[in-house]
Amino acid sequence: MTDDALFWHRIHFAFTIVFHYLFPQLTMGVAWFLVGWKWLHLRTGDARYNNAARLWARMFGINFAVGVVTGIPMEFQFGTNWSEFSRYAGGVIGQTLAMEGMFAFLLESAFIGALVWGEKRLGPKSHFIAALGVAVGSWTSGYFILVTNAFMQYPSGHSFAADGSLRLESMSRFLLSPWALVQFCHNQAAALVTGSFAIASVGAFYVLRNAKSEQGRLFLKWGTAGGLLASVLVAFPTGDQQAKLVARHQPPALAAMEGRFDSGAMADITLIGQPDVQNRRLDNPIRVPGMLSFLAFGTFHKDVPGLGAFPENTWPTNIELLYYSFHVMAGLGTLFIALMGLATIQRIRGRLESSETLLWVLMLAFPFPFIANTAGWMTTELGRQPWLIYGLFRTSQGYSKAIGSGEALFTLIGFTGLYFLLGLLYLLLIGREIMHSADENQYAVLAMEKAAW
Amino acid sequence: MVELWFGILTVMIVFFIVLDGWDFGAGALHYIVAGNQEERRALIAALGPLWSWHEVWLVGTGGVLFVAFPRVLATAFPAYYLALFLVLWTLILRGISLEFRGHIPHSMWRSFWDFVFAVSNTTLAVLFGTAFGNLIRGMPLAPGTPLSLPLFTDFGVRGKVGILDWYTLSAAVFAVVCLSAHGASYLSLKTESEIHRRSARAAKVLWAATAVLLAGVSLETFYVRPELFAGMAARPAAWVMLALTAGGLIAIFTGLHSGSELLTFRGGCALIAGLPGTAAASLFPVMLHSTLGPQYSITAFNGSSDVSSLRTAAYWWPIAFAFALTYFSFIGRHYAGRVKLSTDTQRPY
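In the order they appear, the protein sequences are chains A and B.
Quick note: the first sequence uses this note's numbering, first residue 1, plus one each step.
Quick note: the second sequence uses this note's numbering, first residue 1, plus one each step.
If you're looking for bench data, these hints aren't it; they were derived computationally from the structure.
Glycine included, every Cβ here is placed at the ideal spot set by N, Cα and C.
There's no promise every hint is true.
Negatives, chain A to chain B, calculated, CB over 10 Å [unchecked claim]:
id: 1; residue: 66
id: 2; residue: 184
id: 3; residue: 283
id: 4; residue: 297
id: 5; residue: 394
What the simulated footprint calls covered on chain B by chain A, stretch by stretch (three residues with Cβ under 8 Å from a Cβ of chain A suffice, anywhere in the stretch; the number is not a length) [as the list claims (entries may be wrong)]:
id: 6; region: 45-57
id: 7; region: 321-334
Bound conformation, chain A alone (with noise of 0.2 Å):
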């Protein structure tokens, strides 16, 4: 029975921290956008600029409301579903949480209710600095949860309490620890990669509707140069860092994302394949030679061990899964790049507006981005696994004893409904909003309603 506990335990924080970072997702890579428009409108007084504020502004509402709810069972879980772990590590992991809380919820969160509901209350240029505030506070708040993370990734800074417990020694090499940096940049690129691709996204509908659309274009032009931008920093040098990092300290996580089960020199990267774990081998596989080792290592010369060179019990638990994530973001990952590339170019020749197959497939690309940071995550999560803190504490350890799973089960089916039916009425409202816009007379209609209510 423990087991099956431990199992529902970690599918309870897997769903909860799945649906509620596609929100933050966009909130942080949204928030610069909308500084960016105020600032213009701002200083040149355009009002294009500050329509699409206005519009995203909007949407933020929407997307805040239900990160921010979201978000608050995830600090408790810690405390429901893993007691023993915040028992063992709350010195240390507590200190970001807290930070999280203290430092950048609270800015985030003073300024979003001002940003959405005070534009005329509090004038243009307070409203600018509630969109930096937004930004500056999503960001910050992204920083302290990945700090969070890259401890439990890569324990840096802590040393051990006379009960045993974790306790902090050094609050710099804590916070500035280096796989906190690098996973913080990589995550940053990513989220501003879901967040050009939903503004191009929405500016390729409006243009495709409209072909004169102010705002689409405008939405397009931002959209894709952001976009592109975003999807190269993914990869390099952030992503290309990442996978550094993984190789020198979680080589069992790199062998299973690889599928790879022998060691050797001029390691292979795959492509494409799938992983037999029972048999140990790749099935049907087409790899690309010696380019494991080069990338993470720097040269095709270095060994990059296979699972077979590490003792099972230090096996990530779930290789086959691990395997499909990371395969599918850096599959998603270099096509991001393709579409953006390729946006960009027929922006620049003026053709953008009028390739409707193009146009077609930045509308419907905006799913993706979430796809790939989904299953960023998952790669970074079942690549840590057997450990809840790498090489110090397990995860079978961390979670709370007094919690059945049929507890567990239960509060689960709890939040699935519920976040099926905040999803549903997500989509509706969003949507609600891009049509609203997308009429060119948006302000005629919305004086009308206004008035009919």
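Go by the hints and put chain B onto chain A.
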């Protein structure tokens, strides 16, 4: 260091309950003080820009508990597993009812979210009241077995207690009335015309009821945890908190009498800050009181993190707190005065 963190945790809880308390209270009064859709919209607009900021103090409280008293967190949270998820789910419904209501201009859509808003806020007042009741009454902590509380046992306050008993239920009733009074004070300060008139009247009735119930709950507390009063008599920190509470009560009724809504509101804040403050100062260092024997209680000393972790956190916390107050003054300056539907809207056109 442990004393400092116990104080900080109390400050965090006080900020959360004072700030979000008026949202809970105003929400509980939604149908009573706001008669039609326009008035309900005004009530929501009085809370809309700030509720998430208030709720984040709960996140901060959780974070402070995590870093400073991980053993308290690790004992109490699984023990109240289902109750805590009820709180989380209700918080989700409360948040989205506020934010989603305005997005579709249809009366059925709005009526639905009005209902969710009123019910979830009232439920939250009940849940947090019960939680405070449980903290004061204590829980059946014993060594060896992980703690898990049933919803109720024999409704008594000694021995093997459940989440609900006569004491925690009275705390819940008190919380609903007191936070509603607080919400009514806030609304009377922030709104105009009819809704303002009804809120002011509700505040009068509810604050009077709060005073009566407070006397009752205090007597009950004297029976349930007599050591709270012994601590209160002996500790200067508790005297300060008690003075804050009493000052709050006096300010509330002076304000009601003289028609100064601001004074009443400030008095309400002082009262709601003073009550948990007095309890915390009087009961220190006990955090989780055991109903099975005081030797099993978890105190601030045996429940805290290592002192080096506490010391590090003591460097950054005051900075973060100062920042938080800065944003508050920025936002507070802009949101001073009564809400007007013409300016306080998500639609700036």
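Against the structure, the hints come out as follows:
A beta-carbon of chain B is positioned within 10 Å of the beta-carbon of residue 66/A; the least distance is around 7 Å. The Cβ of residue 184/A sits about 18 Å from the closest Cβ of chain B, beyond the 10 Å cut-off, so the non-interface label holds. Every CB of chain B lies more than 10 Å from the CB of residue 283/A, the least distance being 43 Å, so the non-interface label holds. Remark: the non-interface label on residue 297/A is consistent with the geometry, its nearest Cβ contact in chain B lying 36 Å away (cut-off 10 Å).
The beta carbon of residue 394/A is kept farther than 10 Å from every beta carbon of chain B, the shortest such distance being approximately 17 Å. With a threshold of 8 Å between beta carbons, the proposed coverage of the region 45-57 of chain B by chain A holds, since 10 of its residues qualify and at least three are required. Beta-carbon proximity to chain A at under 8 Å applies to 8 residues in the region 321-334 of chain B; the threshold of 3 is reached and the given coverage holds.
Checked against the numbered hints above, the structure breaks only hint 1 and satisfies the rest.
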